[in-house]
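Trainee: Sequence:
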Amino acid sequence: MDFPSAGISLAYYLFLLLVLRSAEGQIDFKEPLYMKFVNKETHTNVSRVVMAQVVFRNGASTVGFTYPTDRYKNKRKYWSEGYGQLTNHGKRQNFLLGRALRQRYGRFMSDEYVPNEVYVMSSDADRAIMGSQLTLAGIYTPVPTDQKWHSEIDWQPIPVHTLPAYMDLVFRNRQGRGMIPNRGKCRKLEVLISQLPGVMKFRSFHERHPNLYNFLSNKTGLNITHMEEAARFQIFFSILNNFGYPLPEWAHQVFPEPLTLVRAYALSLPTFYTEMQRLKTGPLLRDLVKHIQSYLAGNESHFLYLYSGHDVDLTELQMEQKMVISRFMTGLMRALGYTAPLVPNSCDAVILELVKDLVGDYYVRGFYRQFNGSELHAMSIHGCDYLCPLKDFFRYTARVIPQDWADECDVVPAYQSLELEDPYDIYD
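Numbering (mature numbering (1 follows the signal peptide of the UniProt record, and there is no 0)), first residue to last: -25 to -1, 1 to 403.
Listed below are the simulated DSS-like cross-link pairs for lysine-lysine, each with C-alpha atoms no more than 25 Å apart in a straight line:
no.: 1; residue 1: K331; residue 2: K366
no.: 2; residue 1: K265; residue 2: K331
no.: 3; residue 1: K66; residue 2: K123
no.: 4; residue 1: K48; residue 2: K66
no.: 5; residue 1: K194; residue 2: K52
no.: 6; residue 1: K48; residue 2: K194
no.: 7; residue 1: K265; residue 2: K366
no.: 8; residue 1: K52; residue 2: K66
no.: 9; residue 1: K50; residue 2: K66
no.: 10; residue 1: K265; residue 2: K160
no.: 11; residue 1: K50; residue 2: K194
Keep in mind that the hints were calculated from the coordinates and are not lab data.
Let the hints inform the model, and build the full structure from the sequences given.
Mentor: So this is what it looks like as structure tokens:
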């Protein structure tokens, strides 16, 4: 068999692959595949948090597809919630995220819901919208005031804003004006992505695992030809594990490895180079930066901004559907300076705080929160220490924020070698 058991070392904090060893050889990385967590004990002069922006994944969900040889294709029996829907565990995850945010920011927020205090944006996927509502329920559990509208229900409606997929620039990279699925796609980004399989780093992976796609095709009855199609099985088998369903025997030959590495590669595809980060993640980062700039300019702004996204887009619920990994979390992390492959877990969150010190200076600080741990891990944003001075934060983010996304997307490059354009050179 071409997929021997691999000895894996995982950096626990982000489930990031540290080393992959196999009979075909060893993949060495030029930097450790874990976040640079910094010592925050040396910074005690922060007086208050004046803004918090939280970008998070939906909680645990059911599988998003099935395949011809799938023993769990009976939807009514195994996936009664439906495909790609939040599970009860996922609902609790999002609710507890809200509770954690209330615990952290409660002293800066009202106990009651105040409209100009929080703004919520969600991708147009059921589980993302539901996840945002549950997170809000954890933040704003009604207190015994006039907001308590029902004696037996500790919940209140709070608006969640969303756009149709064909108009969603932040989560879906679309800027269409009509109900045409492919309108508004970034042509330049698609061209750049199409060139990546020829990059040495991806060729090297395929050379190490030449039979992976054929193996998956033979076992599943699908025609698997590229990373994204293979990566969805890492998600699929992870969900089976979460539900306690036994995996098919053949799955143990490819899961967790090399499929976890496949997914890490697939997640990095659209943001592999700085130019790609501008086109894929730039619109989201532009929103985050504009909120900070608006506050500093004295304009009315919210204290808390929530961005609820989802892991994969389901184009159709059919047996041989295509799935596109949206990568909004991974893209944001790469745009902030993290070049190692990332595989965010359900309900993980990236948090950017605008803070003010005792002398009135402002800084941005970042955290990563895994759902399976209550601790916030301090992030070093592209070389900054725990507190990133605003001038440094603005200078760095400017390079990955497009001035005019549509104009940049229309400039489709001719085929070119991308080997010299990789500023990080993260894969051996």
